[in-house]
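Participant: Keeping their order, the protein sequence lines are chains A and B. Numbered according to the numbering used here, the first sequence spans residues 1 to 355. Numbered according to the numbering used here, the second sequence spans residues 1001 to 1121.
So the derived list for chain B, only partly shown, Cβ under 7 Å to chain A, looks like this:
#: 1; residue: A1044
#: 2; residue: D1051
#: 3; residue: R1057
#: 4; residue: V1060
#: 5; residue: G1089
A short, non-exhaustive set of chain A residues, derived as facing chain B with CB atoms under 8 Å:
#: 6; residue: W57
#: 7; residue: G77
#: 8; residue: G86
Bear in mind the hints are in silico, worked out from the structure with no lab data behind them. Here a beta-carbon is modelled for each residue, glycine too, at the ideal position from N, C-alpha and C.
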Amino acid sequence: MRLAIGTRKGLWLATRDGRGWALSQPLQDMAEFASVAWMPRPGAPPRLLAGARSWFWGPAVRSSEDGGLTWTEPEAGSIAFPADTGAALERVWTLEPDPFDPDVVWAGAEPHALWRSADGGVTFTLVRGLWDHPHRAHWMGGAGGPALHNVHRRADGWTFVAMTGAGVYRSPDGAASWEPANRGISADFLPDSDPEYGQCVHRIAIDSADPHRLYAQNHGGVFRSDDSGDHWHDISTGLPESAFGFVVLAHPTRGDSLWVIPIRAETMFPADGRLRAWFSADAGATWQEQGDGLPDGFFAVVLRDAAHVVPYGNDAALAFGTRNGLVFASLDGGASFEEVARGLPDVLSLRIWPE
Amino acid sequence: MSVRVVLPRALAEYADGCRDVTIDVAPGAPLSEVLHELAAAYPALGRRIVDETGAVRRFVNVYVGTDECRLLEGMATPVPEGAVVSVIGSIAGGAAGHGGGEVAWSLQESPGRRSRRGCDR
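Chain A on its own, in the form it takes in the complex:
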């Protein structure tokens, strides 16, 4: 098992063998890595993609065919806004290989934009249907910036995205046309707390058994939709107070099962300084705290793209990194966690390769 770990300053790999976890030297230059992805390639090692951003020299998407030893990018660049947009790419917040097309990779970016690559993540094209959406002028940025940070594809061709200061948008037609899908998700930072759009949904997930069931970790509260986003309702009861957070992960093989990592909105720390995952096996009706191997006296957060889950054995492996440079992994569905790394810069992104 390998973890790609993107941080505020550098990219690392962690590898687990029979003796435990081993951490690489820092890979890549000292840029920020807000996004990483493993792209499966039949008959070949996975391609590792990284959304890099130098504070001086700007953003780029780079790829590695050899597990991160060497990297390449097109000389003309991998991703840039067309001239007519008048926009400049600030940061690639997420890279998501399409689960149904081995050549396609999606990128979510700041400012709010969705990109599609048809060549395995080498070059990206702006998804104009979302860029040209009439709501765009009303979308806002949060503390991290105005970003599209989460992309999900469904087998029937529907695409769902989550955006800072805009909320959930969905496309039923292969990412051509887009509509907001936020009814029921609260926006307690707006005068109208139940707007059509403008929510600050931090991350969404699709249930592995019922593809019409979605989960959302909102700016305040965790929500569920059973109708592809037509309606949402709060499933926060039983979670620590305020149910703020950035992470929601659906179990990759078990329906109705999901994790969140709550923090207190007032302090941006976990309640009582206890870093815990919270798991539900009944679609959010009840929650169980999971903390074996996770620390107390913890005063940081886990960011939205810094957590990942994959099928593993007869359960799941999940891993996450923290803004104070810790990385944890569980190979038993969250029943216990191992410390993978400490002392890294702020972890911004993390993806598991299970082999």
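Since chain A is already given, all that's left is putting chain B on it; use the hints.
Facilitator: For chain B alone, coordinates are given in the frame of chain A:
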């Protein structure tokens, strides 16, 4: 006329290892033309200096002679015959994530790029 462009060490890898390149532009050309020609010859270098809107990146300073272009006429600053254009990362040593490039990686050559003159010094 020929304009000498001096690059920081971190950007030399995008200019065939050169820290000092010469760009040919029309006499009296503005800075925008110099940077445009630089990007045409070295696309990976160009987009690290100027973003896709044509603006010099926030933490990059471009000097014409001894003055930073933002204190002159910006991209419209005339570049006199014999002037040196210097590209310098701004003072951001305490900024999170700052840094240059030290680790091996490569560029996939752009088929339409302009011919290059190579290092001058």
